Amino acid sequence: TQLLEQSPQFLSIQEGENLTVYCNSSSVFSSLQWYRQEPGEGPVLLVTVVTGGEVKKLKRLTFQFGDARKDSSLHITAAQPGDTGLYLCAALQGAQKLVFGQGTRLTINP
Amino acid sequence: DTAVSQTPKYLVTQMGNDKSIKCEQNLGHDTMYWYKQDSKKFLKIMFSYNNKELIINETVPNRFSPKSPDKAHLNLHINSLELGDSAVYFCASSQGGRSSKETQYFGPGTRLLVL
Numbered sequence: 101t102q103l104l105e106q107s108p109q110f111l112s113i114q115e116g117e118n119l120t121v122y123c124n125s126s127s128v129f130s131s132l133q134w135y136r137q138e139p140g141e142g143p144v145l146l147v148t149v150v151t152g153g154e155v156k157k158l159k160r161l162t163f164q165f166g167d168a169r170k171d172s173s174l175h176i177t178a179a180q181p182g183d184t185g186l187y188l189c190a191a192l193q194g195a196q197k198l199v200f201g202q203g204t205r206l207t208i209n210p
Numbered sequence: 108d109t110a111v112s113q114t115p116k117y118l119v120t121q122m123g124n125d126k127s128i129k130c131e132q133n134l135g136h137d138t139m140y141w142y143k144q145d146s147k148k149f150l151k152i153m154f155s156y157n158n159k160e161l162i163i164n165e166t167v168p169n170r171f172s173p174k175s176p177d178k179a180h181l182n183l184h185i186n187s188l189e190l191g192d193s194a195v196y197f198c199a200s201s202q203g204g205r206s207s208k209e210t211q212y213f214g215p216g217t218r219l220l221v222l
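Protein sequence lines correspond, in order, to chains H and W. Using my numbering, read the first sequence as starting at 101 and increasing by one per residue. Using my numbering, read the second sequence as starting at 108 and increasing by one per residue.
Please note: incorrect hints may appear among the correct ones.
[Said to hold, decoys possible] Distance condition first, Cα-Cα at most 25 Å in a straight line; then the derived DMTMM-like pairs of lysine to aspartate or glutamate:
no.	chain 1	residue 1	chain 2	residue 2
1	H	K159	H	D183
2	W	K143	H	E141
3	W	K147	H	D171
[Stated by the list, open to error] Sample of chain W residues at the chain H side, in silico, Cβ under 7 Å:
no.	residue
4	K148
5	I163
6	T210
Calculated directly from the structure, the hints in this document are not laboratory data. Everything numeric in this text was worked out from a predicted model, so none of it was measured. A virtual CB, placed ideally from N, CA and C, is assigned to each residue, including glycine.
Input sequences plus hints: build the corresponding full structure.
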């Protein structure tokens, strides 16, 4: 069983559409992170959310941490081909052990 | 300037061979990590070192041995390679504090294929 469950695992949409991906758990976390990984590269941190109910925006990307700090969502407005990639949520288990979800593979078609 | 670098980027080898992957970070971080990403893109931590001291050692076969000659380097040696070792191996580093906001910086990965 995964500590962090991401959904959907695969998503392919047209340029200009909106989308939301989810990261869920039955555990409570002190923080949750979202990474994007492009083909042939390592993951790159997009955002860290810390407070329950927190909303952070990064241009067209909106990240929300659930009130109970067990889940998070990533919403992309007007998706563009450059948003294509693998989106990973991650949480700290202990001091420095980062546990990842299985990822959402997002494809934005022109 | 590359923050976290790994060599080689690609590694193709025969079953039973021994191989090493090298990692270096120039960020002045105290903590370094090795992760394995399987064919389904699942990323899982293997090891973590803080100031050359082993901190995290997940359930990894003892054919895998990390070595940290100094806090800027963390190498991974793999003995008697098996088909199931084929994966992408990522090195990462972080400042090493206990903050829940700490950022890990990943290298570009080493694609290992065992034939």
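For each hint, the structure was consulted:
no.: 1; hint: H:K159 to H:D183; result: 12 Å, holds
no.: 2; hint: W:K143 to H:E141; result: 14 Å, holds
no.: 3; hint: W:K147 to H:D171; result: 22 Å, holds
no.: 4; hint: K148; result: 5 Å, holds
no.: 5; hint: I163; result: 6 Å, holds
no.: 6; hint: T210; result: 5 Å, holds
The structure is consistent with each of the numbered hints, conforming to all of them.
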